[in-house]
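So the sequences go chain by chain: C and X.
Count along the first sequence from 1, then add 1189; that gives the number in our numbering.
Count along the second sequence from 1, then add 998; that gives the number in our numbering.
A hint or two may mislead.
Reference excerpt, derived from the structure (chain X facing chain C, CB under 8 Å, subset only) [stated by the list, open to error]: (1) Leu1027; (2) Pro1059; (3) Tyr1061; (4) Ala1065; (5) Trp1109; (6) Thr1110; (7) Ile1141; (8) Leu1260; (9) Leu1261; (10) Val1291.
The hints are simulated quantities; they were obtained by calculation from the structure and are not laboratory data.
Ideal Cβ placement from N, Cα and C applies to all residues, glycine included.
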Amino acid sequence: MVADILRSLLRRPAGLISATLLVLLYGMALFAPFLSPTTPSAQNLDRTYHPPTALVWQDGHLSVQLYQLVDPSTAAYQPLPERSVPLRWFSEGPSYKLFGLFPAHRHLFTVPDSHPIYLLGSDATGRDVFTRLLYGAGISLSIGLIGVFLTSLLGLTIGGLAGYLGGWPDSLAMRLTEFLMAVPGLYLLLALRAALSSRFPSDATFLLIVVILSALGWAGTARVVRGLVLSLRERPFILAANIIGQRPWTILFRHLLPNTFSYLIVAATLSVPGYILGEAALSFLGLGIQEPASSWGLMLGQAQDIKIFMLNFWWLLTPGAAIILTVIAFNLLGDALRDAVDPRFRLPGK
Amino acid sequence: MTAFIFRRLAALLPMLLAVTLLVFALMSLAPGDFLTPVKAQRDINPALIAELQKSFGLDRPWYEQYALWLGNVLHLDFGYSWTYKVPVAQLIAQRAPATILLSLTSLLLAWTLAIPLAVLAAARPGGWIDRLTSAAAYFALAIPEFFLALLAVWMAARTGWFPIGGLTSLDHDFLSPSSKFFDIAYHLILPTLVLGLGGVAGTLRVLRANVLDVLQSEYVTAARAKGLSEKVVLFRHVLRNALNPLLSTIGYAFAGLLSGSLLVENVMNYPGLGRLVYEAFIREDQFVVLGSVVVGCSLLIIGNLLSDLALAWSDPRVRYGR
C-alpha cells in the first residue's frame, strides 16, 4: 500500500517537485558540515557585514573574488580588480563529525590561505551566513519532523483512547483539546517556555522547544482521530473482532488505529510547517535556539539589527526565503499526498 | 437571546479560571518572582516590599497565591506592574484597544479582499482568477508573519513612505481630531497589511471551497432557472450561505490574530497587548502577564460569542437554543 501511494504521489507534478525539493533540503541539512566551507561559529572580526563574494571564472578555474575593506564604519567593501583565488574542491578544512558520528575534514570547497568566501555575505562578527544557513537548516527542519512525530503519537493515543473508551475519559480529553484550541497559542507557548526553561540545561533548548510545540499541537490530531475511531467502531470488522473475543487493547491498537494512518500521514505532512514556523517564531523572539547554535528563526531575529537592515539585506532574506520554500514544499506534498491517498480518504470495506 | 448570551458569558468563567490557574502554575515554576528585581532596587522601602509580599502572599505556596490573586481580581484589583509603575488594569486599558483595533482592521481587510475574490474564483473554477488567487494564497500562507513584518519595516525605512513603527506620531497630542484619525490610520496601514495577508489567504481558501459547495445545491439551479442574473445568484444567494461556516470560525481566526499580533507588534513596535505580554514575560512582571492573558482569552470568547450571534442573524436555521 505504501508503494502504491508513493507511486501515485510521484506521478503528480506537484508531488514530484515538492518531494524532490524536500529531499534536497534535508540532504543539504544532513551534509551541512561537508557542504559548507567553514564552521558556523568561525568569526572574522575584520570582515563584518561582508557583501556576498562574487565567483569568477579565471584561468580555467572557478575562483573567488577578493575584496578590500574601504570604510569600516559603513562596512564598505570594494572588489580588488583582477585579484581572485581559485577554489579547492574536496579539500581538507576544519574537522567535523558527519551525522554527528563520523569524524571527517573534507569539504566540498574551500579557499586556500584562509581567504574569506561569503556566498551570502557575513554577519556582525564576520561569520559566514551560508554556513550558518546550512547548519540552521538541520535544526529548523528536524524540529518539524520530530515535533510532528511526537504530536501524532500523542494525538493518536489520546484520540484513539477517547474515541474507543467513550464516557468520562472522552469528555475529559475533549474539554482539554477545546481548551488548548481556544487559548491564543503563542501566549501559552511563552508561559511554557518561561516555566520549563529552568528544568532544561541551556544546550537542551532544542528538546525543550520540541516538547513545548508538541504539547500544544496534539489537540487537532486527537479530535480527528477520535472522530474516525467513533465511526470505525461501528463497522462490521470491529464488531466481528469484539464477537470473537479479542481484548479491547488489541482491537484499539491492531485494528482501529492502523486504519487512521492514511489520514494521519496527510495531516502530519500538512502540520510540519506549523512546527517550523513555531520554532522560527520562538527563536525570532529570542526564546528558542540560542547562540552559538544557529536556526533560521534566530538568524531572522538577528537581522533586526539596524546595521544589517541598511547594509546586508541578503542576510535578512535568505533564512526567510528558506522557511517559505520549505513550508510551500510541505504544503504541496501534503496536498498531493491527500489526492494520492484518496480524495475522500480510504476506509476499509469501501 | 439574552439567556443565550448569559449562558455563553457564564461559560467564560471556568475557561478563565483554567487558563489563569495554568499560567499561574507555570509562572511559579519559573525561577525568581516579580519582586526579585524590586528587591534589587535601593530606593524602595523594605516595609513596602514586606507589605506587598504579604498582600499578594508571595511567601506562601503558589496555590494560595492564586487564591489571593483571584480574590483581588474579584475586587477588580489586577495587581501592580513593576516595570511601568502603574496598576495593571490601567496598563491593559491603554494597550488592549490598540490590539483590538489592529485585529479588527486585519479582519476587515481579510474579508473585504477575500469575499469578492473567492466568489469570482469559484464562479469559474480553473479560470485565471482562480489559478492566480490560489497560487497567491498558497504563497501568502507560507510567509511567516514576522518575516513579512521585517520586510515591511525595511521597506518603510528605505522609502520613508510609511512610519517605521508605533501607532501615533510624536505630535499626535497636538493634532486636531480629524488629523488624529488620519495619523492613526496612516500608522495602521503596514501592520494591517502584514497581519491581514495570512487572513486573506486563509479566508479565500475556505470561502472558495464553501462557494463551490453551495453552487451544487438545487436552489442555485432554481434561481438560475427563473432567470436571475449570475451576479444576483452569486452574491445574494450563494454568498450568504457560503459565509455561514466562515462566520462560525471568526472566533478561531481571532485567536490566530492575537497570536500573530504578538509577533507583528514586537517587530513593528506597535503599542498593543502582544508586546506588553512579551515584555512582561521577559521581565517576569507576573501580574501584567496574568492580566493580559485574562483579557486576551476574554476577547477570544467574546469574539466567539459575537460570531455565534452573527451566524444566528445571517442563518435563520440556527437557533439560540441548545
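Could you work out which earlier hints the structure fails to respect and list their numbers in ascending sequence? 2, 3, 4, 5, 6
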